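**Q** Chains as they are written, first to last, in my numbering: chain A, 116 to 615; chain B, 749 to 903.
There's no promise every hint is true.
[Claimed, not checked] Simulated crosslink set (SDA-like; lysine to any residue; CA at most 25 Å straight-line):
#1 A:Lys-312 x A:Arg-346
#2 A:Lys-513 x B:Ala-775
#3 B:Lys-862 x A:Ala-148
#4 A:Lys-190 x A:Lys-217
#5 B:Lys-834 x B:Met-749
#6 B:Lys-834 x B:Glu-882
#7 B:Lys-834 x B:Thr-792
#8 B:Lys-891 x A:Asp-280
#9 A:Lys-567 x B:Thr-814
#10 B:Lys-784 x A:Leu-221
#11 B:Lys-776 x A:Arg-346
#12 B:Lys-862 x A:Asn-243
#13 A:Lys-567 x A:Asn-520
#14 A:Lys-540 x A:Asn-603
#15 A:Lys-312 x B:Gly-902
#16 A:Lys-217 x A:Arg-260
#17 A:Lys-216 x A:Pro-227
#18 A:Lys-567 x B:Ile-835
#19 B:Lys-887 x A:Asn-240
#20 B:Lys-891 x B:Ser-830
#21 A:Lys-540 x B:Asp-889
#22 B:Lys-776 x A:Asn-243
#23 A:Lys-563 x B:Lys-776
#24 B:Lys-776 x A:Lys-217
#25 B:Lys-801 x B:Gly-869
#26 A:Lys-563 x B:Gly-869
#27 A:Lys-312 x B:Lys-891
#28 B:Lys-784 x A:Ala-605
#29 A:Lys-563 x B:Glu-826
#30 A:Lys-567 x B:Ser-830
#31 B:Lys-834 x B:Gln-881
#32 B:Lys-776 x B:Asn-857
#33 B:Lys-784 x A:Asp-242
#34 B:Lys-834 x A:Pro-571
Simulated from the structure, these hints should not be mistaken for lab results.
Remember, it's a predicted structure, so these values are computed and weren't measured experimentally.
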Amino acid sequence: MKKLFPVLHRVVPALVLAAASHALVAQSPATAAPDRMPITTSSPEARALFDQGIVAWENLRIPQALQCWQKAIEKDPNFLLAHLYISERIPDPDQQAQELKKVTALMDSVTPDERLMAEWILERNRDNTIGALAAMNELLNRYPRDKHLYWFAALFVGTNYHQWDRAGELAAQAVHVDPDFAGALNNLGYDYAFQGKFDQAFPVMQHYIEVLPNEPNPQDSYAEILRMAGRFDEAVDHYHAALKLDPNFGESLLGLADTFALMGQEDKARAQYDIAIQHAYTKAYAVEWKLKWAATYLREKRFSDADAAFQAAATMAHENSVGVLEAEAYRVMALYHKDEASSRRWMQKAKESLEHPHDTSRGARQEALGSIDRVIIYNAIRYGHLAEAETTLSQLSKIAQDSNNPNLDITFHASAGMILAAKQKWLEAIPHLEEDANDPFSMELLVKAYQKAGLPAKAERTARELAAMNAPSVEQALIVPEFRAARNTAANKLPERCCR
Amino acid sequence: MRPVKKTYCFMMCVLVFMGLAEGSSAAKQMAVIVNKENATQGLTAAELTKIFKCDTAKWASGGAITIVLRDPTSPEMELLLSNVYKISPDELRIFIAVHHANVLVVDSNEAMLKAVATIPGAIGLIDVFRITQEVKVLKIDGKLPVEYGYLLRGN
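In isolation and in its complexed conformation, chain A is listed as follows (with noise of 0.2 Å):
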């Protein structure tokens, strides 16, 4: 393999720096914390277990570290700790409550410091976010060379709430810890890459596959960052060096195909998505590619032959069963289409998706509702059915609060700002559709909303991110290459006028 990473060893020392600078709590070398949380168990095969399906976790192997946790709950059913690992985990809705139920149960039996970290999941779990934060911090503090506390902190406040600047604070904590903490070091990657800052992101990825130079993670997660970042190529040269070392590897046969995507090489990009979906974890996975695959005709503006990929995608949703992705398949469709009539059959299509007896959870078909209520208000704006919009939205404003899915609530907000828009009561929209500050559609209108308010600074800034975006998506193909051709268009167009 070609030399590719000469500046890792001044990188990583200053990495370690800046994280200690930033994120070090307060601590005095003569009382140094222990370096990690106490541990309750009965059983020192359970202990070891748990441990186990952590650095499993750690690495993104959920089914081991999900198994290492039963087990070690066979050896000791009363570990507090390993019941609440499971519960983070589980997928299932029920189980979760189940292993909570009994972390509650348990909260008299271990020490002060292992009731704070329940009380952190369980607060969270009770919506009750200020108290779950509050418990999360004064844990990290006791702790702050626990470097797999920091690691969970850093997931729990990326994945659940989108704060990726802390989240970063916490990862590169856990890496001043240990400089060579692998699953810290993807997490830090991804932290400083949500954020924009590639040239942090990237020295953190460089070594991330300095540590584990022989699993196809590490080339992959590099990859992803490259693409964000616009350097295709070099993302392209990444996802080979990941499928070099495991030709399987699913993530980096669809990155591949997502990059062609974005580099506008469409036949390439279908043809990789083919390979991509035989090799496909599960079904439900196939489907969601296949719906990429098909989101190439769009890119290409080929309309007729999207819906025909889009039918294709639907059809095998449906076989599978996947009723949220054939849903999403007539969602996608009923936003793509420009006649009214047309778009609201697609869109009746894709509730009727969500009626049929498929393998559907409750949250995850709420969820593809309130994305179909967003379409229905989207396409009421734009054929000037004003009334259907609010009443719409008041549904989804039902929906939204009636659960805890905080992606419910960005639609609802996305949709809201929208119709304040439509109304042009820009100031009034403006808070909603900050909400749902990365969607296309919604970064669209912002720069609008800002322009009209008043907010240029704000307006170009939310341009400039609009303008590089690098998302694999539909929304993406459908705004951000027309938004950057009219900025290009308007920049070409300003040294003329500065001349006249």
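Given the coordinates of chain A, work out where chain B should sit on it, guided by the hints.
**A** Same frame as chain A, but now just chain B:
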């Protein structure tokens, strides 16, 4: 591969497809914090403005108010400047100099938490994702920082 939370994994995949998940930073949420012993549970936006502008110098209990701020140009101060003070960082610097007896400027989040936790009449501001159990978070106009419509929430 991203470190995605498994519970939401399936829908996260859909969200990535829809373009909602990639790098979607949520709005900044600045918590108004006071000492744990402070009996106040919440303030109106008008009351908060009066406190931060030193128009109100004492708590209802009679204790003196100490305002704890970060440097006016720091990112932590942006929402307070735009939504409460409604002045520029330079103007705030002058305000701080004039009211130096009531205002304490700290240089880190840790110092902010420590000041509010140890000064009985202190009121300060911190990113809600950094709060600890040593301080109390006040509701503003009945809302917490995590709720939409909260005064010090935005980009």
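**Q** All hints are to be evaluated individually against the structure, with a verdict given for each.
**A** Against the structure, the hints come out as follows:
1. A:Lys-312 x A:Arg-346: 14 Å, holds
2. A:Lys-513 x B:Ala-775: 22 Å, holds
3. B:Lys-862 x A:Ala-148: Status holds; Cα separation ~19 Å.
4. A:Lys-190 x A:Lys-217: Holds, because 16 Å separates the two Cα atoms, which is no more than 25 Å.
5. B:Lys-834 x B:Met-749: 43 Å, violated
6. B:Lys-834 x B:Glu-882: Outside the cut-off at roughly 30 Å; violated.
7. B:Lys-834 x B:Thr-792: 17 Å, holds
8. B:Lys-891 x A:Asp-280: Between Lys-891 (chain B) and Asp-280 (chain A) the Cα gap is close to 24 Å, so the pair holds against 25 Å.
9. A:Lys-567 x B:Thr-814: 39 Å, violated
10. B:Lys-784 x A:Leu-221: Distance ~28 Å between Lys-784 (chain B) and Leu-221 (chain A) Cα, so the pair is violated.
11. B:Lys-776 x A:Arg-346: 29 Å, violated
12. B:Lys-862 x A:Asn-243: 23 Å, holds
13. A:Lys-567 x A:Asn-520: Distance of about 32 Å is beyond 25 Å: violated.
14. A:Lys-540 x A:Asn-603: 28 Å, violated
15. A:Lys-312 x B:Gly-902: 20 Å, holds
16. A:Lys-217 x A:Arg-260: This hinted pair is violated, its Cα atoms lying about 28 Å apart.
17. A:Lys-216 x A:Pro-227: Holds, at about 18 Å.
18. A:Lys-567 x B:Ile-835: 22 Å, holds
19. B:Lys-887 x A:Asn-240: Since the Cα atoms of Lys-887 (chain B) and Asn-240 (chain A) sit roughly 21 Å apart, the hinted pair holds (cutoff 25 Å).
20. B:Lys-891 x B:Ser-830: Roughly 19 Å separates the two Cα atoms, so the pair holds.
21. A:Lys-540 x B:Asp-889: 23 Å, holds
22. B:Lys-776 x A:Asn-243: 18 Å, holds
23. A:Lys-563 x B:Lys-776: 21 Å, holds
24. B:Lys-776 x A:Lys-217: Status violated; Cα separation ~35 Å.
25. B:Lys-801 x B:Gly-869: 15 Å, holds
26. A:Lys-563 x B:Gly-869: 44 Å, violated
27. A:Lys-312 x B:Lys-891: 32 Å, violated
28. B:Lys-784 x A:Ala-605: Outside the cut-off at roughly 55 Å; violated.
29. A:Lys-563 x B:Glu-826: With a Cα-Cα distance of about 22 Å, the restraint between Lys-563 (chain A) and Glu-826 (chain B) holds, given a limit of 25 Å.
30. A:Lys-567 x B:Ser-830: 18 Å, holds
31. B:Lys-834 x B:Gln-881: 30 Å, violated
32. B:Lys-776 x B:Asn-857: 15 Å, holds
33. B:Lys-784 x A:Asp-242: 22 Å, holds
34. B:Lys-834 x A:Pro-571: Roughly 18 Å between the alpha carbons, so the hint for Lys-834 (chain B) and Pro-571 (chain A) holds.
The structure is inconsistent with the numbered hints 5, 6, 9, 10, 11, 13, 14, 16, 24, 26, 27, 28, 31, although it conforms to all the rest.
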